[in-house]
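Chemist: Single-letter residue listing:
Protein chains: 4
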Amino acid sequence: MGYSKNEIEVRKLEHILLCKYCNVEYDKTTLLEDVELIHRGTSGINFNDIETEIKLFGKKLSAPIIVSGMTGGHTIAKEINKNIAKAVDELGLGMGVGSQRAAIVNEDLIDTYNIVRSYTDNLVIGNLGAVNFIVDNWDEEIIDKAVEMIDADAMAIHFNPLQEIIQPEGDLNFKNIDKLKEIISNYKKKYKDIPFIAKQVGEGFSKEDAIILKNIDFDAIDIQGSGGTSWAKVELLRIKDDETKDLLKKFVNWGIPTAASIFEVKSVYNNIIIGSGGIRSGLDIAKCIAIGCDCCGVALPILKASLKGWEEVVKVLEKYIKELKIAMFLVGAENIEELKKTPYIVKGYLKDWISQRL
Amino acid sequence: MGYSKNEIEVRKLEHILLCKYCNVEYDKTTLLEDVELIHRGTSGINFNDIETEIKLFGKKLSAPIIVSGMTGGHTIAKEINKNIAKAVDELGLGMGVGSQRAAIVNEDLIDTYNIVRSYTDNLVIGNLGAVNFIVDNWDEEIIDKAVEMIDADAMAIHFNPLQEIIQPEGDLNFKNIDKLKEIISNYKKKYKDIPFIAKQVGEGFSKEDAIILKNIDFDAIDIQGSGGTSWAKVELLRIKDDETKDLLKKFVNWGIPTAASIFEVKSVYNNIIIGSGGIRSGLDIAKCIAIGCDCCGVALPILKASLKGWEEVVKVLEKYIKELKIAMFLVGAENIEELKKTPYIVKGYLKDWISQRL
Amino acid sequence: MGYSKNEIEVRKLEHILLCKYCNVEYDKTTLLEDVELIHRGTSGINFNDIETEIKLFGKKLSAPIIVSGMTGGHTIAKEINKNIAKAVDELGLGMGVGSQRAAIVNEDLIDTYNIVRSYTDNLVIGNLGAVNFIVDNWDEEIIDKAVEMIDADAMAIHFNPLQEIIQPEGDLNFKNIDKLKEIISNYKKKYKDIPFIAKQVGEGFSKEDAIILKNIDFDAIDIQGSGGTSWAKVELLRIKDDETKDLLKKFVNWGIPTAASIFEVKSVYNNIIIGSGGIRSGLDIAKCIAIGCDCCGVALPILKASLKGWEEVVKVLEKYIKELKIAMFLVGAENIEELKKTPYIVKGYLKDWISQRL
Amino acid sequence: MGYSKNEIEVRKLEHILLCKYCNVEYDKTTLLEDVELIHRGTSGINFNDIETEIKLFGKKLSAPIIVSGMTGGHTIAKEINKNIAKAVDELGLGMGVGSQRAAIVNEDLIDTYNIVRSYTDNLVIGNLGAVNFIVDNWDEEIIDKAVEMIDADAMAIHFNPLQEIIQPEGDLNFKNIDKLKEIISNYKKKYKDIPFIAKQVGEGFSKEDAIILKNIDFDAIDIQGSGGTSWAKVELLRIKDDETKDLLKKFVNWGIPTAASIFEVKSVYNNIIIGSGGIRSGLDIAKCIAIGCDCCGVALPILKASLKGWEEVVKVLEKYIKELKIAMFLVGAENIEELKKTPYIVKGYLKDWISQRL
Ligand SMILES: Cc1cc2nc3c(=O)[nH]c(=O)nc-3n(C[C@H](O)[C@H](O)[C@H](O)COP(=O)(O)O)c2cc1C
Ligand SMILES: Cc1cc2nc3c(=O)[nH]c(=O)nc-3n(C[C@H](O)[C@H](O)[C@H](O)COP(=O)(O)O)c2cc1C
Ligand SMILES: Cc1cc2nc3c(=O)[nH]c(=O)nc-3n(C[C@H](O)[C@H](O)[C@H](O)COP(=O)(O)O)c2cc1C
Ligand SMILES: Cc1cc2nc3c(=O)[nH]c(=O)nc-3n(C[C@H](O)[C@H](O)[C@H](O)COP(=O)(O)O)c2cc1C
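Going down the list, the sequences are from chains A, B, C and D.
Under the UniProt record's numbering, residues 1 to 358 are what the first sequence spells out, in order.
Under the UniProt record's numbering, residues 1 to 358 are what the second sequence spells out, in order.
Under the UniProt record's numbering, residues 1 to 358 are what the third sequence spells out, in order.
Under the UniProt record's numbering, residues 1 to 358 are what the fourth sequence spells out, in order.
Looking at chain A on its own, in the form it has when it is part of the complex (with noise of 0.2 Å):
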């Protein structure tokens, strides 16, 4: 695609920094601030029962949280995804590594990578785009290269059109995605047998989507809507021309919420949701089971922590479980599939999406 590995590498880090200063969020919102949970004034649980255990692709975590897939390919993401790992070790949860392309294409870069099987056993998800298999014809034997070389407990695909679409250098095709079907179904039967995960990148899947992405028998699907870090925003800070810059504001609100992502998903598709995109705190998180996902994932607050060092992951991912374990005794949940029932309001914009929509 014209542009040399070296570019590409220092896109990365430009990325890395701009989350690191900037402010990089959407300025609308998750829509999860339109979801009230209801307090339970006798509660009935003793705080020290609470357990916020899941089993997830296979693996125990000791809470509904993965750091969603973010970085790899040169130094300063081998150190990220390094503190990523120790962190989620320490806690029981799991993680994602960013994009594989670069190692499938570099295996130089290999070990940016697998730094994190050094570091724990726990769920790792490795990560591919949906965009390669069709412009660079990919097929299961990259997928069996990317599972190998993390030893992958579960495999993200992700979609991000948007990305592409405003990104120079970016790959716009995105026909013919279904043939999906068939390399997964490939890979499973001649490789392993890992379950796979649909994911967006901060836009969010619509019910249309979940609909294809059924048919393509994806094992899950990873909301990542919009509310968080908005990639539009990212590159408009990078890009110099005016022209470019005035297109580029156009769509920095464009996306879906998280919270109306969640329900469009939901209505449509019946296995394992994964709530992200503007996860900022474990009330968020409380939220999203509550309305109908199995586990949450964070990207950009633990990209931050994760350049600090791995205790401060270990600290913001604490601080979450504590807020989740806190909405869980006000809403009276003595676990996630108590969680998972509790009533909850839905209000405002959210409340108008989900009437016409679903």
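A couple of the hints might just be wrong.
Chain copies aren't distinguished; within one or between two, either way the pair holds.
[Claimed, not checked] With a straight-line Cα cutoff of 20 Å, these simulated EDC-like cross-link-like pairs (lysine to aspartate or glutamate) come out:
| # | residue 1 | residue 2 |
| --- | --- | --- |
| 1 | 319 | 242 |
| 2 | 347 | 33 |
| 3 | 351 | 33 |
| 4 | 315 | 241 |
| 5 | 189 | 139 |
| 6 | 250 | 318 |
| 7 | 304 | 243 |
| 8 | 304 | 79 |
| 9 | 322 | 241 |
| 10 | 319 | 246 |
| 11 | 319 | 169 |
| 12 | 325 | 243 |
| 13 | 188 | 139 |
| 14 | 190 | 217 |
| 15 | 250 | 33 |
| 16 | 214 | 193 |
These are calculated hints, taken from the structure and not from any lab test.
Assemble chains B, C and D with the ligands onto chain A, guided by the hints.
Modeler: Frame of chain A; chains B, C and D with the ligands shown alone:
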């Protein structure tokens, strides 16, 4: 509970000072502003005929107002309780005392509560925490002690999961609270047949709670919903370390707004309902009665007034009564029974809430 | 009522000065802004053909506008009434005078009211307070005096519970107002068969009121809803002691917004409806007619103009007529009957109001 | 009409200068922001396959965009028309000219319109005012003159009651506009069978209008709703006397927002609909197509660009096309037909509007 009596006394004083000097109220409202009473242009009544009397828990009140239980257990508390008692006696209203646990544990403190009986024969309501019946294995004997201590006309059992979870020294076990059914029943059989009230402390009860409280045979529910004093805010002012502050902020708006909680409870509970939490005018009181309450409770404004003297408490309560009477005149209600039947409109978020939950 | 005539005169002058110089209008609106007339891009009419004439209470009006009754009883009132009379005569509109009680009690003041007949033969409406028929035991003879005093074409009986309750000297008995039925019927039989109008003074009538007024056989209802002049605000400016101020503030927004009151009344009342309270443009008038009124009334802006001279009153009223005609042109209504059938949209809080009450 | 040609020319120039330098747009919006297209996370198409072509009025357009008719009749107008013609020729789009009345009245001005044919063979739409067929008794011969003047592919007949009523020199008779049916039919029989478009100038058409326009056999409706250029605002800037200013302010927000007008019209009209009035991006265009339009029209931004040169017009239009294509990519629409079927959500006031009117 590894806290010394001294530490608890200091904490209670801190609470009073914070309530006196700082903004300790919810950012969100009671939603009573979403209730609109309908003006009656023809009125049809004589202002001088308006009667605000009610009968509550076997005692007459000149207006449907009680001072919610707040304090006891130290010198300032004694002064506060005395001032409130003198005022309610003067006006023919009722009052509650704060949690009597301090005097259950330490009999030296009894006079800080029973001082009220030196000043009034009116309705006085005792106060114990539901959680202590579980964690401290309290039984009907403790209730007896509390009742006799102040010759209580009724007993409030407070449920305060949020308060407990955010206090470093909190009791966190509300499991098996239905054992209160037997304890209360035993008490009534062995000692006195007085009414028992389930009381929140500022987060309100849900419909689900009300069903449980009904099964425990509570004679009344004291709503104490969100919109007035916020315990998370009080604690936020006390706490020093940044991490706990950050966590508390997430729950500063937790709770069911008073008006919503009233609708929740009355949808399943047919006994006495006291509207409380953020009641700040006679207009609020008129609205509570119109939407289904039998009486209202006020805490914070009375605490503040009581620190200035009993005449100040009288002044505040008199203003509420006057406003209540004007509201009754303007909706054409000659007495509380008619006020209960006055038409009203529910708008905004409260309307949403009701339509989704009830 | 222990107030001397002098004190009452001073109070009336104070009212006029406050209305002239201060903001005495509601913070809340008439809700007419929640009514949207639908633009007709094709119009379909000739502007010069537009006719705004109506017939009201046996007299012709060149446009559906009357000046609401405001004053009488002192020298400035006489000047005001004269200026209004000259202006409505010039334009072919109608007017009311203020409460005639002053002149009933003291015949010396009659000329401050009947001055209007020196300047116009147009529609003139008399004005008495409903409350006086109860507290002062007025009967049909008093009505006769009032009618003859100004050769009234119709009589307005004003209902003003809020005004009475907030004035230190207020009459507070609206009990048995249905006795007005017999008094009015007696008057019509013994004296003249002129129409009687039930009139508010800025808080509007409810549906329940309208049923009562219908039973009293009122020939018309003059809405005078909330959104324009607020009597609580006027009093707030006059009163000095802090406690009364605090109390008045609670009721400063009390009342049924004009648009809501119109919908309330028309839902049960089939006779003449006058839209009034906060009418401030010809567009407001067009909206009132479209949602069900036969005519509109304006007070405050005319009071202000009348203090400058009768030409100023003409100017203000001419502007209203011009705006009304433009609105009619833009919705394609050639006359008031067509304007009554023009489509409109109801939004926001007014929509909520209607859906819950009607 | 007692205005000299010179005065009219000066007024037209004033309009252009005010549009160039001042804020002449509505305070209220098109309500297109209440339309939300649904992101397709899987996209499913190849960006490079996207086709935006449409056929309109017998001509091909490379994208569903025309420049709305604006000017003619003086030297600057000629320059403007030339620049727009060069730009639409370059890009394969269409355009309209401004009202041709000036050149009907004075043949010397013809070249200020027909200059466009020196620069493009693309779709060019003529423009005459509906009101003149009534007040000036125009007939099919006038249409013939206008068509031949610019070899028009289609004729727009503009309806502008607001504009006429607020201009001191306005024509105020829209009565019997259905006589246009015969005139147009005669024209088509005697001269050329080209399509006729009913066009507003910024206040939109209602459902009732659309029924009338359908009966007149208009082949297309050009919405030109509220939210973009506001003629009341333009006049407000021109007018000097305070009274007229005050009156104009009342109507500054008059009109049907573009999105609402599109829904109104399409509910009763099955022919070509052009979405216009406040179209300011390719995203707006995508929304108009999704909710039912065949093409969009843009005026003000093109006027501004044309005053800088034709390349600037190209730039603006190219940006719109690019944004439209990105939106199509993100909703997975390969062509305009697919875009017409893309799902969307309607929220806020637009939702209210539709639910009450349609
Ligand atoms: C620096 C950075 C790099 C990312 N790289 C990838 C990636 O390679 N593959 C992927 O699927 N998502 C990637 N993401 C997207 C995240 O997984 C996630 O979908 C998105 O950031 C929204 O979540 P958040 O709001 O919690 O940040 C990246 C996000 C960030 C912030
Ligand atoms: C200083 C203070 C102490 C309180 N102590 C108690 C208590 O001991 N027991 C209890 O049931 N509620 C207690 N409360 C809660 C009040 O009864 C009431 O539920 C709460 O303040 C909400 O009402 P408000 O908004 O009118 O203040 C206390 C409140 C305050 C302000
Ligand atoms: C100075 C003043 C005096 C008034 N006096 C009377 C009165 O004597 N009788 C009456 O029925 N209404 C009286 N009104 C009320 C008006 O008729 C009208 O109901 C009210 O002002 C609301 O209309 P507005 O918003 O157009 O002012 C008075 C209003 C004003 C401003
Ligand atoms: C300077 C100017 C002149 C216009 N002249 C005409 C005209 O002669 N005939 C017509 O039908 N519309 C005319 N219009 C109206 C436009 O065609 C269009 O309906 C209106 O500007 C709303 O679109 P916009 O918001 O994109 O500007 C004119 C608009 C402008 C800005």
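Chemist: Look at each hint and say if it fits the structure.
Modeler: Status of each hint after checking the structure:
no. : hint         : in the structure
1   : 319 with 242 : between (41 Å within a copy, 12 Å between copies)
2   : 347 with 33  : both (9 Å within a copy, 18 Å between copies)
3   : 351 with 33  : both (12 Å within a copy, 17 Å between copies)
4   : 315 with 241 : between (40 Å within a copy, 14 Å between copies)
5   : 189 with 139 : within (13 Å within a copy, 64 Å between copies)
6   : 250 with 318 : between (37 Å within a copy, 15 Å between copies)
7   : 304 with 243 : between (31 Å within a copy, 17 Å between copies)
8   : 304 with 79  : within (12 Å within a copy, 52 Å between copies)
9   : 322 with 241 : between (45 Å within a copy, 16 Å between copies)
10  : 319 with 246 : between (39 Å within a copy, 9 Å between copies)
11  : 319 with 169 : between (38 Å within a copy, 19 Å between copies)
12  : 325 with 243 : between (48 Å within a copy, 16 Å between copies)
13  : 188 with 139 : within (12 Å within a copy, 62 Å between copies)
14  : 190 with 217 : within (17 Å within a copy, 64 Å between copies)
15  : 250 with 33  : between (24 Å within a copy, 12 Å between copies)
16  : 214 with 193 : within (17 Å within a copy, 52 Å between copies)
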